[in-house]
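*Asks:* Start from the sequences, fold in the hints, and give me the full structure.
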Amino acid sequence: MAGHSKWANIKHRKAAQDAKRGKLFTKHIREITVAAREGGGDPASNAALRIAVDKALGVNMTRDTVERAIKRGTGDLDGVSYEDMTYEGYASGGIAIMVECSSDNKNRTVAEVRHAFSKYNGSMGTSGSVAYMFQSLGSIIMAEGAEEEAVMEVVLDAGADDIVTHEDGTVEVICPPSEYVAVIQALEQAEMAVQESEVTKRAENEIELSEEDAIKVMKLVDALEDLDDVVDVYTNADFPESVLI
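Anchor point for the sequence shown: position 153 equals 153 in the working numbering, and the numbering is continuous, going up by one each time.
By construction, these hints were calculated from the structure, which means they are not laboratory data. Check the hints yourself; a few may be wrong.
[Said to hold, decoys possible] Mimicking BS3-like on lysine-lysine, the simulated pairs with C-alpha atoms at most 30 Å apart in a straight line are:
id, residue 1, residue 2
1, Lys23, Lys201
2, Lys55, Lys23
3, Lys71, Lys219
4, Lys216, Lys23
5, Lys71, Lys119
6, Lys71, Lys216
7, Lys119, Lys106
[Said to hold, decoys possible] Distance ranges between label pairs, derived from CB positions:
id, residue 1, residue 2, range
8, Thr26, Ala190, 17 to 23 Å
9, Ile207, Ala44, 37 to 43 Å
10, Arg63, Pro177, 20 to 26 Å
11, Glu149, Glu38, 37 to 43 Å
12, Leu156, Asn121, 41 to 47 Å
13, Gln135, Gly93, 17 to 23 Å
14, Arg63, Ser123, 42 to 48 Å
15, Lys119, Ser242, 20 to 26 Å
16, Lys119, Thr62, 42 to 48 Å
17, Glu188, Gly94, 41 to 47 Å
18, Gly75, Asn107, 21 to 27 Å
19, Ser242, Ser178, 19 to 25 Å
C-beta atoms are modelled at their ideal positions from N, C-alpha and C, and glycine is treated no differently.
*Replies:* Written as structure tokens, this is what we have:
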């Protein structure tokens, strides 16, 4: 697993880009709508919806906006129907890339993703060509001051796989996606504050890049993230700190 500081820098950079483009709420609304459509509108019984709602509220989306997105997904409101899709490929240096999208027009989305790969020296692969390199997991970052032993006592019985204290003192709980909601609920019941949480994908092994290669890969990542239908981009690149600033 990559060091938390570098991983956090990437996340903060992406969040800043999304906010600047005004796309953050749109992405969260799509996630909520798709989750509600596929698993129902009750977050208590739909883990994917609970995750999407938590993420949306975490960026200060209003409850009314969340409820409208849920109703749109369950068919209680008219609106555009979105479909989730994932594309896989390679960037310069053989770096693996996974692109998660949510779109109302699959043909448009795949054309835009393919164009970005082609323009920035990448190539799209077939389904499954790089997915095996990534692990889906729940990541829960505890609020400052959390103690590893105390957190461990709460989350292991709830289904967590691991608790990691990073170099900056941050305590992170790792769990299977299927146990994410249960672990969050256990922490809430124990009145332990969570700073940030998500279900995400991480490369099991990362490839360290030179600054020159990292810049090439980052240009492709930026181009993909700029696409309206792209929700998340994952890579197995270990970027130098200099390109994350």
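*Asks:* Does 41 to 47 Å hold as the CB distance between Leu156 and Asn121, or does it fail?
*Replies:* Holds: the Cβ-Cβ distance is about 45 Å, inside 41 to 47 Å.
*Asks:* Lys216 and Lys23 were given as a pair; does the straight-line alpha-carbon distance stay at or below 30 Å?
*Replies:* Given that 30 Å is the threshold and the Cα spacing comes to 24 Å, the pair holds.
*Asks:* Would the pair Lys71 and Lys219 pass a check requiring their Cα atoms to be no farther apart than 30 Å?
*Replies:* Between Lys71 and Lys219 the Cα gap is close to 37 Å, so the pair fails against 30 Å, i.e. violated.
*Asks:* Check the following: the C-beta atoms of Arg63 and Ser123 are separated by a distance inside 42 to 48 Å.
*Replies:* holds (43 Å)
*Asks:* At the C-beta level, are Thr26 and Ala190 separated by a distance inside 17 to 23 Å?
*Replies:* Roughly 34 Å apart at Cβ, these two residues miss the hinted range, so it is violated.
*Asks:* Could you see if the CB distance from Gly75 to Asn107 stays within 21 to 27 Å?
*Replies:* Since Gly75 and Asn107 have Cβ atoms about 24 Å apart, the given range 21 to 27 Å holds.
*Asks:* Can you let me know if the beta-carbon spacing of Lys119 and Thr62 is within 42 to 48 Å?
*Replies:* violated (37 Å)
*Asks:* Do the beta carbons of Lys119 and Ser242 sit within 20 to 26 Å of each other?
*Replies:* Holds, since Lys119 and Ser242 (Cβ atoms, about 24 Å apart) stay within the stated range.
*Asks:* Does the Cβ distance between Ile207 and Ala44 fall inside 37 to 43 Å?
*Replies:* holds (41 Å)
*Asks:* Taking 19 to 25 Å as the hint, is the beta-carbon distance of Ser242 and Ser178 inside that range?
*Replies:* violated (38 Å)
*Asks:* Below or equal to 30 Å on CA atoms is what counts here, so check Lys119 against Lys106.
*Replies:* Roughly 20 Å separates the two Cα atoms, so the pair holds.
*Asks:* Check whether the Cα positions of Lys55 and Lys23 lie no farther apart than 30 Å.
*Replies:* Roughly 14 Å between the alpha carbons, so the hint for Lys55 and Lys23 holds.
The structure does not agree with the numbered hints 3, 5, 6, 8, 16 and 19 stated previously, though it agrees with the rest.
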